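Protein chains: 2
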Amino acid sequence: MFMFSRSICCAKLNQLSTFETLFSNLKLRPYATPLIGPLQTCESRIYREKAEYANVNWDELGFALTKTDYMYVMNFTEEEQKFFNGTLTRFGNIEMCPSSGILNYGQGLFEGLKAYRKEDEGILLFRPQENALRMKMGADRMCMPSPTVDQFIDAVKKTVLANKRWVPPYGRGSLYVRPLLMATGRNLGVKPSSDYTFLVYASPVGNYHKGDLNLMVEDNVHRAIPGGTGGIKAVTNYSPVYKPLTEAKAKGFSDLLFLDALTGSNIEEGSACNIFILKGNVISTPTTHGTILPGITRKSIMEIASDFGYQVEERAIQIKEVFDAEEVFCTGTAMVVKSVASITYQGKRIGYKLGAETLAQKLHATLTGIQTGLIEDKLGWTTLID
Amino acid sequence: MFMFSRSICCAKLNQLSTFETLFSNLKLRPYATPLIGPLQTCESRIYREKAEYANVNWDELGFALTKTDYMYVMNFTEEEQKFFNGTLTRFGNIEMCPSSGILNYGQGLFEGLKAYRKEDEGILLFRPQENALRMKMGADRMCMPSPTVDQFIDAVKKTVLANKRWVPPYGRGSLYVRPLLMATGRNLGVKPSSDYTFLVYASPVGNYHKGDLNLMVEDNVHRAIPGGTGGIKAVTNYSPVYKPLTEAKAKGFSDLLFLDALTGSNIEEGSACNIFILKGNVISTPTTHGTILPGITRKSIMEIASDFGYQVEERAIQIKEVFDAEEVFCTGTAMVVKSVASITYQGKRIGYKLGAETLAQKLHATLTGIQTGLIEDKLGWTTLID
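Protein chains in written order, with this note's numbering: chain X, 1 to 386; chain E, 1001 to 1386.
Just chain X, with the same shape it has in the complex (with noise of 0.2 Å):
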C-alpha cells in the first residue's frame, strides 16, 4: 500500500527540497502541505493542459476512489488564527505527526458536493455554498475554526478545474468532491487542537449502490442523539455504525434505517442519506433537530416536490408510517434520489414501487436534469466554473 514506486518516491524528495528552498524565507510553513511545489506552478501547468478526458472506464464507476492528479491544501495555524496559503498540489500522501487531534480524538469534518458535466462540456457546482455554510456549521460544534464561504468554495472550484479530465462524460457520472477539515495540531490532553488542515480532494463516481435499496430497520445502534453530532458532518458519526451496517450487508441489505435513540420509534435517516415517505399527496421526511443531517439534496428535493405540487412535511415520523407509505426514497449526495425496494424491520418485510413511474424518479431526472444543465436552473442552484 505505499503510494509511490521509488522513482517517484525520490522525485517527491527532490521536490521537497525545491519547496523548502521557495518556503524557506517565511517564519511560518504550512504544516501538512504535501510535498510539492506552490500553487503557481501547478495552475500554469493545469491550464495549459487540453480538456481531455482521463484513460478511465466510465461506465464501471461505482463509489470507490479513482486517484485524480490534484488536491488542494490550506492550513490554520496556532500563530496566524486563519486559514492561509491555501494550495493546489499533486494529490498524495500528506504528512500528519502522530499525536494530532484527528488521529487521537476524531476532531475532524468533512463535506461531499459534485461536480457535473454539461453536454456542452461545460462543468456545474451543485449549491457549493451551503456545503461551505454546513462546514462553518459543524466546525463551530466541533470546536474547529472554519475555511471562509469564499474560501471554501475557491477550494472547490480549484480542485474540480485541476482535476478537469476526471470529471466524466456528460450523463454518465460525477466528480466526487470530498473537503476535510482537520485537526493537525499535536493534542495529549482531551482538548481542542491548536493547528487545523482544510483539504480538498476529489474522484470520479458513479452511482453509490448497484442495484435496489433494500433497508433493514436498526434497532439497537444509534446513529445519533439529542445534544450530539448527528446534525453536522462530524467523522464520528460513520465509523460507530460500521458494526451493524456490515453485519445488515452481509444478510443483503443495502443500508440500515436509524431510529431515534430516546423513544425508538421514529425513524431517523440511513447510514448515508436521507429519508422520505410518499402518502397520497403528502411527503414526509424527519425533522432535523440535531440528530439527522441537514441534507442538501434533501432541501432541493423539497422544494422541487413542493413546486411539482405536493404537501411536504418535516416531522416526527413513526417507524409504523412506514408500513403504510406508498413510495419511500433516499437523498443524498452521493445517491442523489433513489427508490427504496424494500424495508425489513423486526422480520417483517415490506416492499415499494420501483421504476419509471415513481415519484423518486422524476425527481431524480429533475434535480440531474438542473446539477447536468439540461433543465433550466431558475433558483440560482448551479455555478458553471469551466
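Calculated from the structure, these hints are not laboratory results.
Small disclaimer: the values here were computed from a predicted structure and weren't measured.
C-beta atoms are modelled at their ideal positions from N, C-alpha and C, and glycine is treated no differently.
Treat each hint with caution, since some may be false.
Stated by the list, open to error - Using C-beta positions, here's what the derived DEER-type ranges look like:
(1) E/Lys-1299 to X/Gly-62: 41 to 51 Å
(2) X/Ala-250 to E/Glu-1121: 48 to 58 Å
(3) X/Ala-356 to E/Val-1149: 51 to 61 Å
(4) X/Glu-326 to E/Lys-1251: 26 to 36 Å
(5) E/Asp-1377 to X/His-289: 46 to 56 Å
What the hints assert, rightly or not - Straight-line distance between alpha carbons at most 30 Å, and here's what the computed DSS-like set of lysine-lysine pairs gives:
(6) X/Lys-299 to E/Lys-1243
(7) E/Lys-1136 to X/Lys-82
(8) X/Lys-299 to X/Lys-279
As the list claims (entries may be wrong) - Examples of chain X residues toward chain E, derived with CB under 8 Å:
(9) Leu-65
(10) Gly-189
(11) Ala-234
(12) Ala-272
(13) Ile-304
Since the structure of chain X is already known, use the hints to place chain E on it.
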C-alpha cells in the same frame, strides 16, 4: 508547525533511500511506515546508549506532548490480513492518504498506559495486557483488526525501552504511552477500511489536572448511548464533547460529569475519567454497560478498596446521590486517582473533603506505590521491563 528543520528533513530523506533499498525485495511494503531505517538499526543504537536522562524539567511536566526519540509502527494490509513487520522508527510525521478511513470516518481507537521508574531506576509497566485486551474488544466493535496481545505488549515494551531516557526519575512523573489503531486504507464510501496502522508513541507526563478537580454536571450533551461506542476507546467519543467541555473550562471547571442519555438522571463519567462516590463503608461507581469506559485504573481501585475492607458496588448512581456522598473521586490512567473538590449541577455547588485524610489519597498512595515498585505487587499487575 513544520516539524523538522530543513537539515533534519534532509536527514530523513537520506534515510528514506536506505529504507527503500532495504525493503526493495519485499512485495508488500508497510503503508504508513515513517521514513526511517528498520528495527535492527534502531535497537542496536538504543542498547548502546547509557541509562541517561533527557534534558527535561521533570517538575514542570503537565499533560502535553513532549516529543521523544522513537515510535513503533506496524501495518495490517488487505493482502496479508495480519499485522506484520512491526518496527521502531524515529518519532516524527507519518504519511497518510487523504482518503484514509481515520481522516474521513473516524475509524480509530487508542489506548493509554504508563511506564514508571522505580527507586532503583528499573522501569515498570502497569497491567499492559489489560490495555491490549481492551483494544481487541474495541477493535471488534469498530470493525477493525487488532494486534495480538503479544504484539501489543511487545510494541509497548519496545517503545518504552527505546525512549528510556524520557521515563521521568522516580517520583517525578511517568512516561505516558499512547497506542493508536487507525484505518489507513483508502475509503470513499462509508464502510470499514482495507488497511490499518498500529502505532505507539510516548511522552513524559506529570499531572493531568493541576489544582483541584471541580466538575460541572452536563445535562445537555451526552458522552455515550446504549448500543454506541462509550464502552471502548474509540476516537469518536472525545471531540464530540469538546464544545461543552470548553465552555465549562471557560467557567473555571476542570471537567464535565456526564449523565446517561436515556433518563438524564444517572451519572456516567468524566470526559477522560471514571467516577466513584464514598458513603460510610460503601464505595460505588456506575456499572459499565457499554456506555462507560471500563477503566483499568477503575478496576484496580475497586480491587484495592475491597482489600482495604470497603464494600464496592457497581450500580446505577442517581445524580441526587452525589449530593449525599462523603467523598467523590475520579480515576483514569492519566489522572490516576484524584479527589473531586466540588460538583456543580444546575447552579447548585457542593464541596467535598480533600487532603491527606481522604480515601482517594490512600488509594492513590497504594496504587502509585504498586506502580512504582514501592509497595509489593502481590497481584502480578506490574511488569519489569528494564
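Do the hints match the structure? See the list:
Hint check: E/Lys-1299 to X/Gly-62, Cβ distance near 46 Å, so the stated range 41 to 51 Å holds. In this structure the hint that X/Ala-250 and E/Glu-1121 lie 48 to 58 Å apart at CB holds, the actual value being about 53 Å. A beta carbon spacing of about 57 Å between X/Ala-356 and E/Val-1149 agrees with the range 51 to 61 Å that was offered as a hint. Take X/Glu-326 and E/Lys-1251: their Cβ atoms lie about 52 Å apart, and the range 26 to 36 Å is violated.
The given range of 46 to 56 Å is respected by E/Asp-1377 and X/His-289, whose C-beta atoms sit roughly 52 Å from each other. Taking the CA atoms of X/Lys-299 and E/Lys-1243, the gap is about 27 Å. The hint holds against a cut of 30 Å. This hinted pair does not check out: E/Lys-1136 and X/Lys-82 have alpha carbons roughly 40 Å apart, beyond 30 Å. For the hint pairing X/Lys-299 with X/Lys-279, the CA-to-CA distance comes to about 19 Å; that is within 30 Å, so the pair holds.
The closest approach between the C-beta of X/Leu-65 and any C-beta of chain E is roughly 4 Å, which is under the 8 Å cut-off, so the hint is satisfied. Hint on X/Gly-189 holds. Least Cβ distance to chain E is approximately 5 Å, under the 8 Å limit. Taking 8 Å as the C-beta contact cut-off toward chain E, the hint placing X/Ala-234 at the interface holds, the least distance being around 7 Å. Hint on X/Ala-272 holds. Least Cβ distance to chain E is approximately 5 Å, under the 8 Å limit.
Taken as an interface hint, X/Ile-304 does not check out: its beta carbon lies about 25 Å from the nearest beta carbon of chain E, beyond 8 Å.
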